[in-house]
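*Asks:* Please model the entire structure based on the sequences and the hints provided.
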Amino acid sequence: MTIAPAAPTFDCRVAFAEELTALARTDERIVAVCNDSVGSSNLVGFAAEFPDRLINVGIAEQNMVGVGAGLATSGYVPFVCAAAPFLTGRALEQIKADVAYSQAPVVLCGMSPGMAYGELGATHHSIEDLSWLRAVADLDIVVPADPEQTRQAVRWAAGAGRGVYLRVGRFKVPSVTPPGVAFEFGRAARLADGDDVTVIAAGSMVSRALDAAGAAAAAGVSVRVLDMSTIAPLDLDAVRRAARETRGVVTVEEATTTGGLGAAVAGVIAQEHPVPMRILGIDRRFAPTGDTAFLLEHFGLTAEGILDAVLGLAGRDDG
Amino acid sequence: MKTDPGAVDSWHRFRSEFAAAGPDRRATMLSDRADRSRRLDLRMVNRAGLGHVGGDMSVLDILTTLYFAVLRVDPQDPRWPDRDRLVLSKGHTAGALYVTLAGAGFFAESELDTFAQPHSALNGHPNRAAVAGVETNTGPLGHGLPVAVGMAVAAKLDGSPRRVFVVTGDGELQEGSNWEAAMTAGHRNLDNLTVVVDRNRLQQGARTEDTVGLDPLDAKWAAFGWRVVEVAGHDHLALLAAFDAPRDGRPTCIIADTIKGKGVSFMEDRVEWHHKVPTAEQVAAATEELTR
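Chains as they are written, first to last, in numbering that gives the first Met the number 0: chain D, 0 to 318; chain R, 0 to 291.
Hints are computed from structural coordinates only; laboratory data are not their basis.
Every residue, glycine too, gets a C-beta built ideally from N, C-alpha and C.
Misleading hints may appear alongside valid ones.
If you want a taste of the chain R side facing chain D, the calculated C-beta under 7 Å gives, among others [to be verified]:
1. Ala131
2. Pro139
3. Gln173
4. Ser176
5. Thr183
Negatives, chain D to chain R, calculated, CB over 10 Å [unchecked claim]:
6. Glu48
7. Ala59
8. Ala159
9. Ala181
10. Gly299
*Replies:* Below, the structure written as structure tokens:
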């Protein structure tokens, strides 16, 4: 069976940069800090309009995060932008000590996360970021699923007043935000109703979860789809309700399964209301060579893969 | 933690008297103040059963000169936006910072009794969220300078004359993050930024030059675009002159030649006093040496 997306798709970095630049026009506190990633962070327009407020520290991620923290405790609202693997891997201790523990309200923008860099290889994939950062206290983690959510998350982050990790997708995704449904920090958005199985998805996986839900409906299985755009703090109420009101929960994320969304949800379900679960993601394997679409398929991160998990939980393995 | 109004008053009186005093009197004032801090620090570490007294003794003349003669800060309004910033990158010498902040009235000296006790604000490494006057949380080395660069960039963006000071250890300069930040500061001509290297030539387990040598340290900073001044790090007037020297568009690095354990004969330049805890008898003997 093939489930093909028909809708147009978008690189969320475009919405990110447009929103950031628009905000900067009315809020002088907003600055961007980057590691020679003006182009890949889509900051060319920002730099042209606000040359003094784009602080390019060069290829130096530890320094970049520290500089962001110093700006933040001086009253600025720094958006620290870098390719997600280097921001989170190279500067993890700075994120912990300089941002989270120091209560410096920095917006850490992990650009092109997951396996967006495809055939550039595992060095350039950011699949560990959610596990690493969910282990850090006092740091919020937001994973928008489409351009509109990205815009609204940027606007929210500018006023959050605390450390935020914002995952900004490069791999093109369709729009999943229905009209009138805003990004709400800390709250899951219920994008499809159902009472057999719940799929909890984040970021690039949300549209695929919706496709899977549509296919499941055709097979007689009704699926609730939760867009968990905030990974930390988790919307505990939405998870509890999913466990109580449906028969099983599938989580899906473009990240390792060791500590991200699936692990967060599993922690709640195992301790509060055990129901069968499937955790979809990448299980501590480095990716083979291939483009992003190929790699997502390789790891089963497709509508078909999600559908299989749903039907398995619903007792319809033959689906 | 609350400001100590009495201590703040005496700090203000100290600053006024200092401003009006001649060189000899100035030197005596700062040296008395630093030795008082040393006595408090040793007592505090003995009571807590942990601390880093060698580095505390090494850095106290630098911190005393900054807080009692240089920094534009307001202990009653520790987050005053236009204050000068002091970042203690060598966070393991938190004890030296705590006794200095208490001396300026940021909090009461009696709080020092809680150092390292359960739920105390005074952790083994400084916590900005808990202690007034702490600007960023340090402990892992090589973190202070990048954060200070951000603060210096912010001051430039604000068009403010405020200054940013960072105190680093010397062994700490083996962390590469310092050099990332040094490169950025040099490139951006951050002349509002001053690094003081507490150059006592000892790190945790051995001499710096026997571990991974730093010399020629002055040439390293100069090569990164910094103005470099080398001073005797326990000479308060020399430190003061270095802090007050006219700037030339470059960030400043003051290499302060210091002695780990300074002021206590049996601790001076002895590697084991990095984090050895003095006994009550040793504190008494040291206190006598530090009382003039």
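*Asks:* Compare the structure with each hint and give your call.
*Replies:* Hints and how they fare:
Taking 7 Å as the C-beta cut-off, the interface hint given for Ala131(R) is violated, the closest approach to chain D being about 14 Å. For Pro139(R), the interface hint holds, the least distance from its beta-carbon to any beta-carbon of chain D being 6 Å, beneath 7 Å. Hint status for Gln173(R): violated, given a least beta-carbon distance of 14 Å to chain D, over 7 Å. Checking Ser176(R) against chain D: minimum C-beta separation of about 4 Å stays under 7 Å; hint holds.
For the restraint placing Thr183(R) at the interface with chain D, the shortest Cβ-Cβ distance is roughly 5 Å, inside the 7 Å limit, so the hint holds. In this structure Glu48(D) is separated from chain R by more than 10 Å, as the shortest Cβ-Cβ distance comes to about 15 Å. With a cut of 10 Å on Cβ distances, Ala59(D) falls inside the contact zone with chain R, its closest approach being about 4 Å. Taking the minimum C-beta to C-beta distance to chain R, about 16 Å, the non-interface status of Ala159(D) holds against the 10 Å cut.
With a least beta-carbon separation of about 31 Å from chain R, Ala181(D) lies farther than 10 Å from that chain, consistent with its non-interface assignment. In this structure Gly299(D) is separated from chain R by more than 10 Å, as the shortest Cβ-Cβ distance comes to about 38 Å.
In terms of the numbered hints stated before, the structure departs from hints 1, 3, 7, listed from lowest to highest.
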